[in-house]
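S.K.: Here are the chains, one letter per residue:
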Amino acid sequence: MPHSRPSVIHVDLDAFFVSMELLRHPELRGQPVIVAGGLGNRGVVSTCSYEARKFGVRSAMPVSQARRLCPAAVYLETDFSWYAPASRKFHAILRDYTPVVEPAGADEAYLDVAGSERLFGDAPAIAAAIRQRVRDEIGITASAGVSINKLVSKVASDAGKPDGLVVVPAGEEAAFFAPRPIRELPMVGPKTAATLATLGIKTIGDIARMPPAALVARFGSHGAELAARARGVFDAPVLSGHAAAKSVSREMTFDADEPSRDRLRAVLRGQAERVAADLAHQGRSARTVTLKLRFPPFETLTRSWTGPTSVDLADDLFEAGANLFERAWEEHGRRPVRLLGLGAANLQERARQLRLGDTGDTDRLAEAVADLRARFGEASVQRAAELGQHVARADVPAFRPFAAPEPADDDVPERTTPQVRAT
Amino acid sequence: MKVQVLQENLQRGLSIVGRAVATRSTLPITANVLLMTDKGRLKLAATDLDISISTWVGAKIDEDGATTVPSRLIGDFVSSLPPATVSLEIPERGRQLKLECARNESSIHTMDAEDFPRIHSFSEGVSLILDPKALRKTIERVEFAAASDDSRPVLTGVHVKADGARLTFASADGFRLAVSDITLPAAPSDAVEVIVPARALREVARLVGESSEPVEMRLNPQRTQVLFSVGDTELVAQLIQGTFPNYNQLIPADYNTKATVSVEEFKRETRIAAIFARDGSGIVRLQLVPGNGMPGKLTISARADEIGDNNGEIDAKIEGDASKIAFNSRYLQDVLNALSGEVELQMTSPSSQGVFRPVVAEGEPKDYVHVVMPMFVQW
Chain U
1 MPHSRPSVIH VDLDAFFVSM ELLRHPELRG QPVIVAGGLG NRGVVSTCSY EARKFGVRSA
61 MPVSQARRLC PAAVYLETDF SWYAPASRKF HAILRDYTPV VEPAGADEAY LDVAGSERLF
121 GDAPAIAAAI RQRVRDEIGI TASAGVSINK LVSKVASDAG KPDGLVVVPA GEEAAFFAPR
181 PIRELPMVGP KTAATLATLG IKTIGDIARM PPAALVARFG SHGAELAARA RGVFDAPVLS
241 GHAAAKSVSR EMTFDADEPS RDRLRAVLRG QAERVAADLA HQGRSARTVT LKLRFPPFET
301 LTRSWTGPTS VDLADDLFEA GANLFERAWE EHGRRPVRLL GLGAANLQER ARQLRLGDTG
361 DTDRLAEAVA DLRARFGEAS VQRAAELGQH VARADVPAFR PFAAPEPADD DVPERTTPQV
421 RAT
Chain V
1001 MKVQVLQENL QRGLSIVGRA VATRSTLPIT ANVLLMTDKG RLKLAATDLD ISISTWVGAK
1061 IDEDGATTVP SRLIGDFVSS LPPATVSLEI PERGRQLKLE CARNESSIHT MDAEDFPRIH
1121 SFSEGVSLIL DPKALRKTIE RVEFAAASDD SRPVLTGVHV KADGARLTFA SADGFRLAVS
1181 DITLPAAPSD AVEVIVPARA LREVARLVGE SSEPVEMRLN PQRTQVLFSV GDTELVAQLI
1241 QGTFPNYNQL IPADYNTKAT VSVEEFKRET RIAAIFARDG SGIVRLQLVP GNGMPGKLTI
1301 SARADEIGDN NGEIDAKIEG DASKIAFNSR YLQDVLNALS GEVELQMTSP SSQGVFRPVV
1361 AEGEPKDYVH VVMPMFVQW
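Which chain is which? The protein sequence lines are U and V, in order.
Per the working numbering, residue 1 is the first one in the first sequence, and the count goes up by one each step.
Per the working numbering, residue 1001 is the first one in the second sequence, and the count goes up by one each step.
Hint data in this document are derived by calculation from the structure and do not stem from the laboratory.
Note that this is a predicted model, so its numbers are computed, not measured.
Among the hints, erroneous ones may be present.
One side of the interface only, derived from the structure: several residues of chain U facing chain V at Cβ under 10 Å [said to hold, decoys possible]:
1. Gln65
2. Arg67
3. Pro71
4. Ser310
5. Leu354
Glycine included, every Cβ here is placed at the ideal spot set by N, Cα and C.
Using the sequences and the accompanying hints, generate a full structural model.
M.R.: As structure tokens, then:
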């Protein structure tokens, strides 16, 4: 729900993995440092220091490319065992201020402090306190954005990076967005950006000035959302993970209608993994698996399957989802797909009948993966089938429109907006 | 054919063979029962092609012959007749069976006995003589653990194997395993290792009932069929071909915790917990709590999200560490229903096998073990 006062905070640790490495390697401060999952040619950059970004190195870039751009950088391999305690500490600090904390990865989260202001002061004061505690208790810096909703707070914290706090007063969302480049708007990916560029659109304000009808004509329902978001309008609430959900789902809208069966199945597989992780996190399993498909322009269908026993493992969710998908897709002439979603419903207590010969290893593996994802973000553990297809990045949870790379800070934005508070 | 038979004998015979009548078949004659004269008696037989049951009843044979009539019809009809002599007659070249009993007369359309599937009986092959009580007990301890779906046909059967004078029956449906032994008076003359359909054994147990006559089990030389001979009745079943999984490795030799409890109490608390479990995933949680000098206890609990919860406690002798394990309520009830007296539950961890064994007196054979896989739950 939109608030009349800014009470939604987005907190994001600055270049988290790199900052953690600098804590134990202070001699590397000021140098380009790149932390990657695997240092071979197939490794991918997880995080890079702001010095490395000057050379054009970005998160999610292949290590081989980073080496060409910045051969002099120090390359380190990700060490989750070193980052995990800090991540836990970070989330614990946040929960000191409100139970309404929605983690968005190992190093970022949304908080709604509307109910805490009597205790701890207004949202900007709480954001400042959190940033101070992160610095004192973990030894690294965090940026924060404060506004009336998650969308604006997210853009604001990015705008404040590194080590900044940006407060957007209620009613000034559109004005805050107007001068910013379109790529800072979370739902604008490379393809949308390219299309917008051909229309001469450079800033978020340019989008806001377009007649919504023109955007709808160009991008369909995506266009209507784009028009609203360019004005800073966004009403998904901060969801603390503890409310017992009635169902869990993930869906994804493709930038271009997707014709490839392999790609669609890979996306479904990724969604199954993440739905399974959510179920594990909530201690639930599902009797019913649902599939959602949308064909352009707005032909949406849902299919569901209810099994004899409940399912909770990614493989089983995927198998059920893939069966539904194959049948529904076949019925619709295997047309390109605009949106694909997988859900679990009819949730019940998580339990699985083990089979003779089982050792419980499958369950322990699934729980370990879910645990890693909960701590380090969804991209920390992926199926090989998903790699190279940017599935994790594009895979948008139903409630979370921000497909930001993780740990997310694409560019070092200018810090000249008047809303920047001294830190 | 002309035969006179007592109504109660005919009724009993029809109800015995009626168990093998096909309920859904593409071959209409298998819904019929075969009536034929055989060495001075009346033979009744039925088959669904997997199992056939034949039984012989005493009768006064005036003229030999054979025919088939719809099983359901003649069964309902005969059971309604008064207890008197029933006369069955098919006139020469007739197509109808004429039945007379007291002042009731009826006729039933027949189908030709020549078209009835041939029921094999065989007297060659290896033969085993089984104690009826031991056989029935063993069947009741294993048949329920066989698979009820056909996805792996061998698992719908019971593995029967002789090792010396010990005959071992085993069944497993993927989630549980039941193994029970019978001691034979002598080792069989030839190796015995076959898979008998669980359904056939259920019928054998029913035929045995309270009888004290030894049961003969015979395998044909091709090892494609098994014949059980119980009094005046024979049951022939097609054996299931295939390899039964090697189950011995699934019975753990060691345990960390062992609880010894009364079957009656355990059964009662499980039945109560199952009422609460049935709206959820059927989970019954067990906690094994050592007494440290005092008697230990076993708690049996269940909960259902929108209903409530239940917690029962019984005395138990606990050896080893405190422990917990969750089972599907049906599997737990099934094994407890097959037991009496006292039972031991042995376990190693919440995600490995629960092993149930009856407590037997010193010197008695340890002839039963039942393994149930637990449910992986969040405690």
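S.K.: Run every hint past the structure and note whether it holds.
M.R.: Okay, the hints, checked on the actual structure:
The interface hint given for glutamine 65 (chain U) is broken, as the beta carbon of that residue sits about 43 Å from the closest beta carbon of chain V, more than 10 Å. Given hint, arginine 67 (chain U) at the interface with chain V, is violated; its Cβ is 45 Å from that chain's nearest Cβ, farther than 10 Å. Interface restraint check: proline 71 (chain U) against chain V, minimum CB-CB distance 50 Å, threshold 10 Å, status violated. Interface restraint check for serine 310 (chain U): the shortest CB-CB distance to chain V comes to about 6 Å, inside 10 Å, so the restraint holds.
Hint on leucine 354 (chain U) holds. Least Cβ distance to chain V is approximately 4 Å, under the 10 Å limit.
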